[in-house]
Structure formats: C-alpha cells, structure tokens
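Enquirer: Take a look at the letters that make up each chain.
2 protein chains.
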Amino acid sequence: MRAFELDPRLARDTELVESLGLCQLRMMKDSRWPWFMLVPQRNDVSELFQLTPLDQALLTFETNMVAAALKKATGAEKINVAAIGNIVRQLHVHIVARSDGDPNWPGPIWGYGQAEPYEDAAKQSLIKSLTENLVS
Amino acid sequence: MRAFELDPRLARDTELVESLGLCQLRMMKDSRWPWFMLVPQRNDVSELFQLTPLDQALLTFETNMVAAALKKATGAEKINVAAIGNIVRQLHVHIVARSDGDPNWPGPIWGYGQAEPYEDAAKQSLIKSLTENLVS
Numbered sequence: 001m002r003a004f005e006l007d008p009r010l011a012r013d014t015e016l017v018e019s020l021g022l023c024q025l026r027m028m029k030d031s032r033w034p035w036f037m038l039v040p041q042r043n044d045v046s047e048l049f050q051l052t053p054l055d056q057a058l059l060t061f062e063t064n065m066v067a068a069a070l071k072k073a074t075g076a077e078k079i080n081v082a083a084i085g086n087i088v089r090q091l092h093v094h095i096v097a098r099s100d101g102d103p104n105w106p107g108p109i110w111g112y113g114q115a116e117p118y119e120d121a122a123k124q125s126l127i128k129s130l131t132e133n134l135v136s
Numbered sequence: 001m002r003a004f005e006l007d008p009r010l011a012r013d014t015e016l017v018e019s020l021g022l023c024q025l026r027m028m029k030d031s032r033w034p035w036f037m038l039v040p041q042r043n044d045v046s047e048l049f050q051l052t053p054l055d056q057a058l059l060t061f062e063t064n065m066v067a068a069a070l071k072k073a074t075g076a077e078k079i080n081v082a083a084i085g086n087i088v089r090q091l092h093v094h095i096v097a098r099s100d101g102d103p104n105w106p107g108p109i110w111g112y113g114q115a116e117p118y119e120d121a122a123k124q125s126l127i128k129s130l131t132e133n134l135v136s
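Just so you know, the sequences run in chain order G and H.
Residue 21 in full-length UniProt numbering sits at position 21 of the first sequence; the count goes up by one each step and never skips.
Residue 105 in full-length UniProt numbering sits at position 105 of the second sequence; the count goes up by one each step and never skips.
If you're looking for bench data, these hints aren't it; they were derived computationally from the structure.
Some hints here could point you the wrong way.
Which copy? The list can't say, so a pair holds if one copy fits it or any two copies do.
[As the list claims (entries may be wrong)] With a Cα cut of at most 16 Å, we get these calculated EDC-like pairs of lysine to aspartate or glutamate:
id, residue 1, residue 2
1, K128, E18
2, K72, E47
3, K128, D44
4, K78, D44
5, K123, D30
Take these sequences, add in the hints, and give me the full structure.
Expert: If you want it as structure tokens, here you go:
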C-alpha cells in the first residue's frame with residue numbers, strides 16, 4: 001500500500017494542524033472564517049461512502065470531535081460541516097464556524113470572494129484554542 | 001418524550017420520501033438538482049455533535065446509504081453532503097447529486113437562484129430510481 005498522498009491544491013490552500021487517527025486536521029489559509037478541514041489519509045477516495053465502514057465511523061468521530069471543539073473555541077452560532085469536492089476530488093470534510101455578520105452570512109462560504117491571509121498571531125491563537133478544546 | 005416536530009420551513013420546502021431508522025428521507029421541491037435531505041427525528045438538535053453517539057453512527061450509515069444510492073440512480077460526478085443550518089436550525093443533512101454543467105457548477109447550490117418546481121413525472125421517476133437503489 002502506497003503512502004498517503006495529499007492533493008496538491010489542498011496542500012497549497014491549507015496547513016497541517018495535527019494528525020488524528022484517520023485524518024489530517026488542516027486549517028484553511030483564509031482568515032475570513034475559522035475554517036478547518038479533515039482529510040482522511042486514504043488514497044483514491046472521493047466519496048464518503050467509498051470509505052470502509054470502520055473509516056466511516058472514525059471520520060464521524062473525528063468530525064464531531066473537531067466540530068464540538070471549534071464551537072467551544074469560537075462560540076460560533078453554527079458549525080457548518082460539508083463534504084463537497086466538486087473541484088478537489090480527494091475526500092475532505094470542511095468544518096467551519098459561522099456567526100451572524102460574517103462574510104456572506106447566512107449563505108455558504110464556498111466560492112465566495114477571495115481568501116484573506118492570517119496574521120500569524122491570530123492564526124496561532126485560533127489553533128491553540130481549537131487544540132486545547134480537542135483534548136478536553 | 002414529545003413526538004418529533006419537523007421545522008415548518010423544512011416541511012414547506014421538502015416532501016417526505018420515506019422514514020428510515022433515524023431520519024426522515026425528504027426531497028427538496030427544486031428540480032434544478034437531484035437534492036435530498038435527511039432529518040434526524042430528534043427534537044432540539046442543531047449540531048451533529050449534539051446527537052448521541054449511537055445516533056451519530058446511525059446518521060452516518062443512513063447518509064452513506066442514501067448518497068451511494070443517489071450516485072447509482074443519477075450517475076452524478078460528485079455527491080455533496082452537508083450539514084449547514086445557518087437559516088433552519090433543526091439538524092438536517094443535504095445530499096445532492098452534482099454534475100458538470102448543472103446550475104452553478106462547481107460552486108455550491110445553497111443560496112443560488114430560485115427553486116424550480118418538478119414536473120410530477122420527473123419527480124416520481126427520480127424517487128423511484130433512488131429508492132430502488134436504496135434497497136439493493
């Protein structure tokens with residue numbers, strides 16, 4: 001079995017936070033929303049239902065763990081969870097914190113405007129806050 | 001425990017296809033995309049992670065069963081699966097068949113344009129095709 005290969009566009013648009021049991025937890029390089037991504041470390045899978053049943057259960061567990069932590073870390077009104085993949089076909093799950101008044105609220109974030117880079121301090125602060133809530 | 005109460009907007013915008021173990025499988029009244037929805041029959045839940053672990057597992061199972069059936073039924077390029085809920089807070093999972101050239105492809109469907117009603121024959125044909133693939 002060959003080693004997991006991350007899609008080049010995901011590699012470019014996100015950065016690694018940490019590796020969980022199944023997925024890489026990655027952060028979008030876009031400060032407009034607290035926007036993370038889970039990428040199952042499996043090659044040649046584009047749809048959730050192509051994962052094995054065990055991997056489906058692991059992905060559900062990791063998704064909900066990260067979503068709950070992101071809610072705690074941000075106090076957001078709503079967590080958006082989505083596996084879309086119309087452009088990048090490698091399976092990836094978006095986990096995004098949304099609040100009234102954020103860009104394009106209450107519409108979707110995908111395809112909206114241009115990414116805005118993080119200030120390093122803000123980025124590190126969000127990562128710290130998320131990962132602290134992951135372990136609690 | 002009070003009986004499950006469907007959000008009035010979901011009731012208006014969708015119609016019941018059938019009840020699965022946890023969820024109502026519903027179809028959006030919008031012919032632009034093959035667009036279904038799973039609504040867990042649980043009151044007062046807006047986030048995936050608020051479901052019990054068993055319900056999370058059931059929802060994963062039902063989501064992937066419907067997504068796989070929708071892929072077979074439509075031959076779509078990509079199935080989009082999303083729990084957003086910025087407007088309607090009752091937890092609901094969108095399962096949508098997307099293909100190159102459909103409205104707003106490869107962008108998201110949410111918040112795009114206006115719903116277009118189905119011709120009854122087209123609606124019944126899609127429901128039949130989906131549910132046949134659900135049982136196989």
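Enquirer: Hint by hint, say whether it matches the structure.
Expert: Hints, one by one, checked against the model:
1. K128 to E18: Result: close within a single copy only, 12 Å intra versus 44 Å inter.
2. K72 to E47: Between copies only: 13 Å across chains, 29 Å inside a chain, cut-off 16 Å.
3. K128 to D44: neither (32 Å within a copy, 30 Å between copies)
4. K78 to D44: between (31 Å within a copy, 14 Å between copies)
5. K123 to D30: Within one copy only: 10 Å inside a chain, 40 Å across chains, cut-off 16 Å.
The earlier numbered hint that this structure contradicts is number 3, and it is the only one.
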